[in-house]
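Chains as they are written, first to last, in this note's numbering: chain X, 3 to 463; chain V, 5 to 483.
Just so you know, the hints here were simulated from the structure itself, not pulled from any lab data.
As the structure is a prediction and not an experimental result, all values here were calculated from the model.
Careful: at least some of the hints might be erroneous.
Unchecked claim - Here are the simulated lysine-lysine pairs, DSSO-like style, with alpha carbons at most 30 Å apart:
hint, chain 1, residue 1, chain 2, residue 2
1, V, 93, X, 118
2, V, 81, X, 144
3, V, 81, X, 367
Unchecked claim - Computed, partial: chain V to chain X, Cβ under 7 Å:
hint, residue
4, 77
5, 83
6, 84
7, 117
8, 119
9, 125
10, 139
11, 351
12, 353
13, 363
14, 450
Ideal Cβ placement from N, Cα and C applies to all residues, glycine included.
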Amino acid sequence: MFLRPAAQDLLRRTADIGVLRTTASNLRGARSAVVSTTSTCTPSPRRGFADAASATAVGNTSHWAHFNMAPPDPIIGLNEAYNKDDSPDKVNVGVGAYRCDQGAPYVLPVVREAEKAIIAEGMDHEYSGIAGDPDFVNLALKFVYGDDCAALREKRVAGVQTLSGTGGLRVFGETLATFGHKHIYVPNPTWGNHIPIFTNAGLEVRKYRYYDNDTCSLDFSNLIDDMRAMPEGSCILLHACAHNPTGMDPTVDQWKDISDVALERNLLPFFDSAYQGFASGDARKDAAAVRMFVEEGHNIAVVQSFSKNFGLYGQRVGALSVVAAEPDEASRVLSQLKVHIRPSYSNPPRHGARIVTKILADPEKTNDFVDQCMGMAKRIDGMRYELRQALEGLGSSRSWDHVTSQIGMFAYSGLTKDQVVALREKHHIYCTLDGRISMAGVTSNNVEYIARAIHDVTGGK
Amino acid sequence: MMFALVRTNLAATAALALLSALSGNGNPSRAAIITAAFAIVPESATATTTSSPAPETTAKSSSFSPSSYLGNIPMGKPDPILGINESYKSCTDPRKVNVCVGAYRDSSGMPWILPSVKLAERRLLDDPSSNKEYAPIAGDGKYVDLALKFAYGSDGDIVDLSNIAGMQTLSGTGACRVGGHFLSKFVPKPPGLSRVPIYIPSPTWGNHISIFEETNMDVRRYRYYDYGTNRLDYHGLIEDLSNAPDGSVILLHACAHNPTGCDPTMEQWHDISELLLSKGHVVFFDSAYQGFASGDAEMDARALRYFVSRGHKVMLAQSFAKNFGLYGERTGTISVVCSNPNEKMAVLSQLKLIARPMYSSPPIHGSNIVRTVLTDPELTSMYYDNCGEMASRIRSMREKLVNALKEVGSLHDWGHVTEQIGMFAFTGMSADMCDILTAEYSIFLTRDGRISLAGLNDGNIEYVARAIHAVTDGKAITS
Numbered sequence: 003m004f005l006r007p008a009a010q011d012l013l014r015r016t017a018d019i020g021v022l023r024t025t026a027s028n029l030r031g032a033r034s035a036v037v038s039t040t041s042t043c044t045p046s047p048r049r050g051f052a053d054a055a056s057a058t059a060v061g062n063t064s065h066w067a068h069f070n071m072a073p074p075d076p077i078i079g080l081n082e083a084y085n086k087d088d089s090p091d092k093v094n095v096g097v098g099a100y101r102c103d104q105g106a107p108y109v110l111p112v113v114r115e116a117e118k119a120i121i122a123e124g125m126d127h128e129y130s131g132i133a134g135d136p137d138f139v140n141l142a143l144k145f146v147y148g149d150d151c152a153a154l155r156e157k158r159v160a161g162v163q164t165l166s167g168t169g170g171l172r173v174f175g176e177t178l179a180t181f182g183h184k185h186i187y188v189p190n191p192t193w194g195n196h197i198p199i200f201t202n203a204g205l206e207v208r209k210y211r212y213y214d215n216d217t218c219s220l221d222f223s224n225l226i227d228d229m230r231a232m233p234e235g236s237c238i239l240l241h242a243c244a245h246n247p248t249g250m251d252p253t254v255d256q257w258k259d260i261s262d263v264a265l266e267r268n269l270l271p272f273f274d275s276a277y278q279g280f281a282s283g284d285a286r287k288d289a290a291a292v293r294m295f296v297e298e299g300h301n302i303a304v305v306q307s308f309s310k311n312f313g314l315y316g317q318r319v320g321a322l323s324v325v326a327a328e329p330d331e332a333s334r335v336l337s338q339l340k341v342h343i344r345p346s347y348s349n350p351p352r353h354g355a356r357i358v359t360k361i362l363a364d365p366e367k368t369n370d371f372v373d374q375c376m377g378m379a380k381r382i383d384g385m386r387y388e389l390r391q392a393l394e395g396l397g398s399s400r401s402w403d404h405v406t407s408q409i410g411m412f413a414y415s416g417l418t419k420d421q422v423v424a425l426r427e428k429h430h431i432y433c434t435l436d437g438r439i440s441m442a443g444v445t446s447n448n449v450e451y452i453a454r455a456i457h458d459v460t461g462g463k
Numbered sequence: 005m006m007f008a009l010v011r012t013n014l015a016a017t018a019a020l021a022l023l024s025a026l027s028g029n030g031n032p033s034r035a036a037i038i039t040a041a042f043a044i045v046p047e048s049a050t051a052t053t054t055s056s057p058a059p060e061t062t063a064k065s066s067s068f069s070p071s072s073y074l075g076n077i078p079m080g081k082p083d084p085i086l087g088i089n090e091s092y093k094s095c096t097d098p099r100k101v102n103v104c105v106g107a108y109r110d111s112s113g114m115p116w117i118l119p120s121v122k123l124a125e126r127r128l129l130d131d132p133s134s135n136k137e138y139a140p141i142a143g144d145g146k147y148v149d150l151a152l153k154f155a156y157g158s159d160g161d162i163v164d165l166s167n168i169a170g171m172q173t174l175s176g177t178g179a180c181r182v183g184g185h186f187l188s189k190f191v192p193k194p195p196g197l198s199r200v201p202i203y204i205p206s207p208t209w210g211n212h213i214s215i216f217e218e219t220n221m222d223v224r225r226y227r228y229y230d231y232g233t234n235r236l237d238y239h240g241l242i243e244d245l246s247n248a249p250d251g252s253v254i255l256l257h258a259c260a261h262n263p264t265g266c267d268p269t270m271e272q273w274h275d276i277s278e279l280l281l282s283k284g285h286v287v288f289f290d291s292a293y294q295g296f297a298s299g300d301a302e303m304d305a306r307a308l309r310y311f312v313s314r315g316h317k318v319m320l321a322q323s324f325a326k327n328f329g330l331y332g333e334r335t336g337t338i339s340v341v342c343s344n345p346n347e348k349m350a351v352l353s354q355l356k357l358i359a360r361p362m363y364s365s366p367p368i369h370g371s372n373i374v375r376t377v378l379t380d381p382e383l384t385s386m387y388y389d390n391c392g393e394m395a396s397r398i399r400s401m402r403e404k405l406v407n408a409l410k411e412v413g414s415l416h417d418w419g420h421v422t423e424q425i426g427m428f429a430f431t432g433m434s435a436d437m438c439d440i441l442t443a444e445y446s447i448f449l450t451r452d453g454r455i456s457l458a459g460l461n462d463g464n465i466e467y468v469a470r471a472i473h474a475v476t477d478g479k480a481i482t483s
């Protein structure tokens, strides 16, 4: 009978290993000690303690005992640290999630209404297609490219629903790697997660100069020089608006120059659009760079997130699109995007996309959305002004102009790492180590407290 | 009959081609039907297909255009299952039947929202404290705890739940993907191998292979199904797993094997467990049908729980797509049984490192629903009834199909269909037979002969039985 030998084997080895088990548990992680005592085992390859330990019938020592703790995520790990802090003064200005002036999460009223309608209609939970809900994709693309976009009319834009911005970036990164791209250029600095996303997609991440820390402004001429030095055909990641973390965007003229150089070098512009509508309050204005590039004839790729502008963070709603030369090419690109989606998550989650569809398909609801989104942007602008006022009022000799000139959710404060740590430990204010402050977490209740704390850790200079 | 294949719009192409095949004179060639059904375009498409001239566009199309990299991109292979679903949707034959995708349908052929799920959704809507904030990277902790309890049993029974590293995932696919990356990175490679081997049953859910290849594992197969007897190839299974290098990863379907519906007996599970322990193999359970297979969630978890009780430090991919009917909300978990809380924290931290650059954090709607149901004893009880109802209707369709086949005069032994468990009937029909079923009868199934019983009802079961009889009469359903 087939099994007898294996079972006998098992019994024999169990007897020999009785001693070994104790050794293994005492010497967890000490591979060499365990390996030396496995000589009576069946001739299986020596791989370390997992080898011998796994031969026990009961209390099988784990395959994972030798693990190190991985470092916590710099942004989300911050959230977790904040949650553990029990100081009544604590302030979370880490994650880019909007808060109302009472410091509470905000669900847009138009989103709540859309949700009620979806549930009242008894919509089912059937699988979406790999590319997601086509109505959602069409509306999402119109939202960023504009209703009158020629490329959309000509049906040469491939679009898929994605797991918010992260999911779209990863799918496109993997697709690029499959089709011969070895590297991608991202601005320095950029959203922290860009780097592991593209690295895990199989691309080498290179950086181009973007921000001048000394002048707190765009490092434009170096940006252009770096673009000129990029190998032809390289993919360049651009933040569509409200650059994260600096809040520093190119002007219209600067975008035009960037576009020209990209054409010269045959670069592939890949836009990350996470703040459309949220940056200036005007969705059309926030999409100006994307639309300019399409007009100029670039065949761009765009990732859109609906986390911030629609407040749908945890629903993971996004879209990835690629502008192709003609419809046939768009079909083929679409099929390749799907090839990467299926072994990743098969098809995207429905609920959040349904909410966006309900809103953007209805002119009245769209207007409500525009108002509510603008409301968020305006509150943030107000807080920028107040924070700057407060800092200047405290007599700080440092210039805090950038707090009001930067765009979007974040103030790239210029605080050093040590100062950020002091902010955390002394004042229970949580922001990322690069000094990026989420203005969405600033309220009329805490703005003075924050200003005083910043003044304190910078010594007023 | 030759079909010109236009590269755009696969589904329309397939439908048109099928209709031409149906209405044409004489028998269309099999090759033509198959090609039409899947509209698979060979990579040298430019030579063999017609394409409409490119319209005037605003795109700059010089040879230095950035789209030049796009120009070399061939059409990707359509997904075997979801591609057929799309063909079904565009088919206009009034007799059409969809027994392709594993999604439950009620007796009128409609998707069914479980009453317990519906109630949970209403409750969430009315809850003023609910919001749309990001879940943590590892997902909703409360949901994960409840999900693990559902799979592993109440705390302390079999295993200390606090030693299990668990993370919310994008349903079963997402769990397999994350699990694959983790195993690929951390399981020691057997000597002489440059990648971690994972053994997957033959046959299996098609997407398993793509997923684990993406995670750079060495995908190998172990014999599972005996096509000669339409039963489990138990000896083949044991032989192949014995011959696998020690410490290989072995993927097991926790219950209701997809596509065969053929599960080991408890006794066979016992022996498989001993064998895998003796080989130091890493066990990876894929559980997509708990509760749905037999109607009894506890029973469906027996194999998993047995293995854990025997000391296997299993990895588990869990899906709530079928049993909660939450398909499109993408709700699942990945978990790893560890030896102690420190190990669990380390493992969890590594799982998070995989998730963050893939999708940052998981979607909350489905997990909110599962959490709401499983937190409330009344809703939980209702849920178990709902799930039992689905399992029961499917079982009745299984019996009815076999009876109907007998009644229309089929002489085949369809015993395997009655014995199989879960959503699918693995009929034993060949790919050719399946193609005829699709081309001539508009019955859409996967080409491995797998029928989703949920797509059957009193309205179509006789038609389907007749069609199956027609294509199998006088031919073998074993090989």
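Against the structure, the hints come out as follows:
For a cut-off of 30 Å, the pair hint linking residue 93 of chain V to residue 118 of chain X stands: about 29 Å separates their Cα positions. About 28 Å separates the Cα atoms of residue 81 of chain V and residue 144 of chain X, which keeps this hinted pair within 30 Å; it holds. A threshold of 30 Å between alpha carbons decides the hint, and for residue 81 of chain V with residue 367 of chain X the separation of about 39 Å lies outside it, so the pair is violated. For the restraint placing residue 77 of chain V at the interface with chain X, the shortest Cβ-Cβ distance is roughly 5 Å, inside the 7 Å limit, so the hint holds.
Taken as an interface hint, residue 83 of chain V checks out: its beta carbon lies about 5 Å from the nearest beta carbon of chain X, inside 7 Å. Residue-level restraint check for residue 84 of chain V is violated (minimum Cβ-Cβ distance to chain X is 10 Å; threshold 7 Å). Residue-level restraint check for residue 117 of chain V holds (minimum Cβ-Cβ distance to chain X is 6 Å; threshold 7 Å). For residue 119 of chain V, the interface hint is violated, the least distance from its beta-carbon to any beta-carbon of chain X being 12 Å, above 7 Å.
Checking residue 125 of chain V against chain X: minimum C-beta separation of about 5 Å stays under 7 Å; hint holds. Nearest Cβ of chain X to the Cβ of residue 139 of chain V: about 5 Å, under the 7 Å cut. The hint holds. About 5 Å separates the beta-carbon of residue 351 of chain V from the nearest beta-carbon of chain X, less than 7 Å, and the hint is met. Of the supplied interface hints, the one on residue 353 of chain V holds, with its beta-carbon coming within about 4 Å of a beta-carbon of chain X, less than 7 Å.
The interface hint given for residue 363 of chain V holds, since its Cβ lies 4 Å from the closest Cβ of chain X, which is under the 7 Å cut-off. Evaluation of the residue 450 of chain V hint against chain X yields a violated restraint, the C-beta minimum of about 15 Å exceeding 7 Å.
The structure shown violates the earlier hints numbered 3, 6, 8, 14.
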